[in-house]
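Visitor: For reference, the chains in residue letters:
Number of protein chains: 2
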Amino acid sequence: MKEFARKQREENRIFGLVPTMGALHAGHLSLIKQARQQCSSVVASIFVNPTQFGPSEDFAKYPRTLSSDIEKLESAVVHYLFLPEAKDIYPQNYSTYVNVDGLSERLEGRIRPGHFRGVSTVVMKLLQIVQPQFAYFGRKDAQQAAIISRMAKDLNLDAEMVTCPIEREPDGLAMSSRNVYLNPSDRQSATVLHRTLQAAQLLLQNGTRDALSLQSAMHRVLKEEPRAKVDYAEIVDAQTFEPLTHINRKAYVLIAAKFGETRLLDNMLVDFSAGGQLTSEL
Amino acid sequence: MKEFARKQREENRIFGLVPTMGALHAGHLSLIKQARQQCSSVVASIFVNPTQFGPSEDFAKYPRTLSSDIEKLESAVVHYLFLPEAKDIYPQNYSTYVNVDGLSERLEGRIRPGHFRGVSTVVMKLLQIVQPQFAYFGRKDAQQAAIISRMAKDLNLDAEMVTCPIEREPDGLAMSSRNVYLNPSDRQSATVLHRTLQAAQLLLQNGTRDALSLQSAMHRVLKEEPRAKVDYAEIVDAQTFEPLTHINRKAYVLIAAKFGETRLLDNMLVDFSAGGQLTSEL
Numbered sequence: 001m002k003e004f005a006r007k008q009r010e011e012n013r014i015f016g017l018v019p020t021m022g023a024l025h026a027g028h029l030s031l032i033k034q035a036r037q038q039c040s041s042v043v044a045s046i047f048v049n050p051t052q053f054g055p056s057e058d059f060a061k062y063p064r065t066l067s068s069d070i071e072k073l074e075s076a077v078v079h080y081l082f083l084p085e086a087k088d089i090y091p092q093n094y095s096t097y098v099n100v101d102g103l104s105e106r107l108e109g110r111i112r113p114g115h116f117r118g119v120s121t122v123v124m125k126l127l128q129i130v131q132p133q134f135a136y137f138g139r140k141d142a143q144q145a146a147i148i149s150r151m152a153k154d155l156n157l158d159a160e161m162v163t164c165p166i167e168r169e170p171d172g173l174a175m176s177s178r179n180v181y182l183n184p185s186d187r188q189s190a191t192v193l194h195r196t197l198q199a200a201q202l203l204l205q206n207g208t209r210d211a212l213s214l215q216s217a218m219h220r221v222l223k224e225e226p227r228a229k230v231d232y233a234e235i236v237d238a239q240t241f242e243p244l245t246h247i248n249r250k251a252y253v254l255i256a257a258k259f260g261e262t263r264l265l266d267n268m269l270v271d272f273s274a275g276g277q278l279t280s281e282l
Numbered sequence: 001m002k003e004f005a006r007k008q009r010e011e012n013r014i015f016g017l018v019p020t021m022g023a024l025h026a027g028h029l030s031l032i033k034q035a036r037q038q039c040s041s042v043v044a045s046i047f048v049n050p051t052q053f054g055p056s057e058d059f060a061k062y063p064r065t066l067s068s069d070i071e072k073l074e075s076a077v078v079h080y081l082f083l084p085e086a087k088d089i090y091p092q093n094y095s096t097y098v099n100v101d102g103l104s105e106r107l108e109g110r111i112r113p114g115h116f117r118g119v120s121t122v123v124m125k126l127l128q129i130v131q132p133q134f135a136y137f138g139r140k141d142a143q144q145a146a147i148i149s150r151m152a153k154d155l156n157l158d159a160e161m162v163t164c165p166i167e168r169e170p171d172g173l174a175m176s177s178r179n180v181y182l183n184p185s186d187r188q189s190a191t192v193l194h195r196t197l198q199a200a201q202l203l204l205q206n207g208t209r210d211a212l213s214l215q216s217a218m219h220r221v222l223k224e225e226p227r228a229k230v231d232y233a234e235i236v237d238a239q240t241f242e243p244l245t246h247i248n249r250k251a252y253v254l255i256a257a258k259f260g261e262t263r264l265l266d267n268m269l270v271d272f273s274a275g276g277q278l279t280s281e282l
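First to last, the sequence lines map onto chains A and B. Heads up: the first sequence begins at 1 in this note's numbering, then just goes up one per residue. Heads up: the second sequence begins at 1 in this note's numbering, then just goes up one per residue.
There's no promise every hint is true.
Note: identical chains are not told apart, hence a pair may lie in one copy or across any two.
No farther apart than 25 Å at their CA atoms in a straight line, the calculated lysine to any residue pairs in the SDA-like style are these [as the list claims (entries may be wrong)]:
#1 K87 x N156
#2 K250 x A159
#3 K250 x C164
#4 K87 x D158
#5 K250 x T208
#6 K250 x S95
#7 K33 x L66
#8 K2 x N12
#9 K229 x P63
#10 K2 x Q128
#11 K7 x A76
#12 K87 x D237
#13 K87 x K153
#14 K153 x P91
#15 K87 x T240
#16 K33 x S177
In case anyone wonders, no lab produced these hints; they're calculated from the structure.
Isolated chain A (complex conformation) (with noise of 0.2 Å):
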């Protein structure tokens, strides 16, 4: 891969990467859609990193489908495939771990520990092998999309770090390879997460701007669905993460609930313009 990036380099191919665990679905090809509009060579990888479960999660029974994966990786006219295996990028006597500190201790971290070490870690391993001018992420993972961020500012990286839109399914599900974890009952319950950002979404647009007030809404709404299980519903600066409490600059709307056993996050990205008027983004 290294051998490659090097020669598309030599020839000025602007050059990105799609990082990906595979299971791929709408949200990955519209990130291979916005590479492919930037960038002359696309590059997606497929890597389940393992360093990013911990020992409780679901990495064994993370969804492998490589085949239909390729199907689409064709379809959405990907130049190139990286798929590594663990014992490549993570050789005998590894040692060496990347960390975005404050930023990855927050929401998703305190509640994985040790996750985003993993994600940082094994992205900058990704930039280096391929080398591109773009690299791609969804903002459904908007933590992780600003910890990459950081750390390519922080450590002088060339690339530029791009975070797309979320996509959605028709009923307003966030997309995500774990949401064929759900049964059927979950699943109809999950669209709670989406309802609930449209409820804040309201509430800002008429004028809501302390964010207790939207918190509570927002709790009032998930309560009317019983199998979810909330993690948290904040609202946080949109570079660092920590919890505001007036929303007055570029923000997130952050949700993470359990349903059943599966995990899901969603969040709206709420910024205002320069004449001081509040967009939003679901």
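Here the structure of chain A is known, so what remains is to put chain B in place on it, guided by the hints.
Guide: Chain B in isolation, oriented as in the chain A frame:
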């Protein structure tokens, strides 16, 4: 610096980096000499890296001798000097650290917690900024060199890390920017480090392979110098820095000791030829 380095790469220049904290001495100049032999462009960096100093260490009083350093770099025909400021290397909200687990916690790492995390982070940043094909480090700091080599391998960097021999004063003291701290009595006493390694070398040449015997002999020599406050005298595997009981592979004989308030390091590299013949390098 990034822009300049990009242009050099486009011209297919072979690019070498010699990262330093300034206070240059013959040891640094030997790194530059080696770099000039392998590379068509040599960049030296001078940056007294705050993140590798502990709160009670000598960051504030670390010798800063910029105008004399620049003269030396000009005489050594370094092509470029990279002289960043702390606020540019660690801007506001800086949060990302690279750590080599295990290796960074032993020996120097145990005595100076966080030290190697600071070193590997700043070297990673310099490597990303300058993007050299080769980077040069002195073997006097053997553990640092091993950690950086491990990091470069683990994170799939293109650059090759080169470890260069120790330069010594005529009386055997290993060159170090911290030698200037020594008062005349401590300067005289500090030669015990080299004498201790010479004694170990003689024993090895005479067939000693038991690490404990070698260690005891080293401590006997060190005790002859009451001004030396010894931190450790160890024989370790040259890659993992784990203690060896039997010396039968590539190894370091390491010493760390304080003279007054000044901590000094020295070491000997032990290896075996293909025929099993011992070689050693002071």
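Visitor: Hint by hint, say whether it matches the structure.
Guide: Now the hints, each set against the structure:
no.	hint	verdict
1	K87 x N156	between (28 Å within a copy, 14 Å between copies)
2	K250 x A159	within (23 Å within a copy, 38 Å between copies)
3	K250 x C164	within (16 Å within a copy, 49 Å between copies)
4	K87 x D158	between (27 Å within a copy, 19 Å between copies)
5	K250 x T208	within (15 Å within a copy, 67 Å between copies)
6	K250 x S95	between (37 Å within a copy, 20 Å between copies)
7	K33 x L66	within (20 Å within a copy, 51 Å between copies)
8	K2 x N12	both (15 Å within a copy, 17 Å between copies)
9	K229 x P63	within (23 Å within a copy, 58 Å between copies)
10	K2 x Q128	both (8 Å within a copy, 16 Å between copies)
11	K7 x A76	within (23 Å within a copy, 34 Å between copies)
12	K87 x D237	between (38 Å within a copy, 23 Å between copies)
13	K87 x K153	between (29 Å within a copy, 14 Å between copies)
14	K153 x P91	between (27 Å within a copy, 10 Å between copies)
15	K87 x T240	between (34 Å within a copy, 19 Å between copies)
16	K33 x S177	within (18 Å within a copy, 54 Å between copies)
The structure agrees with every numbered hint stated previously.
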